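Trainee: Required output: the full structure, derived from the provided sequences and hints.
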Amino acid sequence: MSRFRVVVGISGASGAAIAVRIVERLAALDVVDIHLVVTDAARRTLDHEAGADALPRTVALSACAHRIGDIGAAIASGSFQTAGMIVAPCSMRTLAAVAGGLADTLLVRAADVHLKERRRLILMARETPLHLGHLRNMCAVTEMGAIVMPPVPAFYHRPESVAEIVDHLAARAIDMLALPLPPLAKAWQG
Numbered sequence: 534m535s536r537f538r539v540v541v542g543i544s545g546a547s548g549a550a551i552a553v554r555i556v557e558r559l560a561a562l563d564v565v566d567i568h569l570v571v572t573d574a575a576r577r578t579l580d581h582e583a584g585a586d587a588l589p590r591t592v593a594l595s596a597c598a599h600r601i602g603d604i605g606a607a608i609a610s611g612s613f614q615t616a617g618m619i620v621a622p623c624s625m626r627t628l629a630a631v632a633g634g635l636a637d638t639l640l641v642r643a644a645d646v647h648l649k650e651r652r653r654l655i656l657m658a659r660e661t662p663l664h665l666g667h668l669r670n671m672c673a674v675t676e677m678g679a680i681v682m683p684p685v686p687a688f689y690h691r692p693e694s695v696a697e698i699v700d701h702l703a704a705r706a707i708d709m710l711a712l713p714l715p716p717l718a719k720a721w722q723g
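The opening residue of the sequence shown carries number 534 in my numbering; numbering runs sequentially from there.
The set of hints was computed from the structure by calculation and includes no laboratory data.
Just so we're clear, the structure is a prediction, and the values are computed from it rather than from any experiment.
Among the clues, some could well be false.
[Unchecked claim] The calculated label-pair distances, taken between Cβ atoms and stated as ranges, are: (1) Pro-715 to Ala-687: 12 to 20 Å; (2) Arg-651 to Tyr-689: 26 to 34 Å; (3) Pro-662 to Ser-535: 25 to 33 Å; (4) Arg-590 to Ser-547: 41 to 49 Å; (5) Asp-586 to Ser-547: 16 to 24 Å; (6) Ala-607 to Trp-721: 35 to 43 Å; (7) Phe-688 to Arg-651: 14 to 22 Å; (8) Tyr-689 to Ala-711: 15 to 23 Å.
Every residue gets a Cβ at the ideal spot worked out from N, C-alpha and C, and that includes glycine.
Mentor: See below:
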């Protein structure tokens with residue numbers, strides 16, 4: 534089986550545990566090389582929500598952790614083949630930058646590359662309530678080819694803990710990449 538490169542972007546919205554779990558689940562697949570890019574605000578959120586060891590653990594599971602300002606990194610080029618990109622959580626600032634094509638950070642540039650190369654881009658937009666600007670940005674990125682996937686929990690599988698909710702959200706996001714692997718998320722059986 535061939536290896537798959539997946540870019541994981543973490544921006545500064547609440548929901549850091551989802552990002553950590555996505556990286557853990559991808560790393561467990563053994564056929565995925567994770568290319569990680571973390572915003573400055575995400576570093577603070579990871580520390581606050583997931584603990585001081587969350588970022589070092591996440592970096593250790595990645596094949597490469599790129600600096601947010603390294604606009605010349607491999608993931609900034611369409612010639613660097615990937616299976617897709619997940620931004621989790623996706624702050625409204627990051628969403629707006631992607632919608633406007635404002636590739637001023639490596640995370641936004643990598644997302645822009647995924648759009649222009651017609652690769653999977655999953656944006657786990659995290660905010661509530663939403664105002665019209667948020668909704669318009671979601672429409673704009675959807676029209677460009679992104680998948681907007683707010684981290685809305687499913688309750689049909691009767692989760693018994695926050696960890697189970699986080700795990701299901703992470704699995705669903707990974708499944709949205711459509712890698713040629715068995716699905717990770719528990720499916721509704723009717």
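Trainee: Hints first: check each against the structure and report whether it holds.
Mentor: We went through each hint and held it up to the structure:
1. Pro-715 to Ala-687: 12 to 20 Å: Check passed, 19 Å falls within 12 to 20 Å.
2. Arg-651 to Tyr-689: 26 to 34 Å: Distance hint for Arg-651, Tyr-689 holds at roughly 32 Å.
3. Pro-662 to Ser-535: 25 to 33 Å: violated (43 Å)
4. Arg-590 to Ser-547: 41 to 49 Å: violated (19 Å)
5. Asp-586 to Ser-547: 16 to 24 Å: holds (19 Å)
6. Ala-607 to Trp-721: 35 to 43 Å: Given about 38 Å between the Cβ atoms, the range holds.
7. Phe-688 to Arg-651: 14 to 22 Å: violated (34 Å)
8. Tyr-689 to Ala-711: 15 to 23 Å: holds (22 Å)
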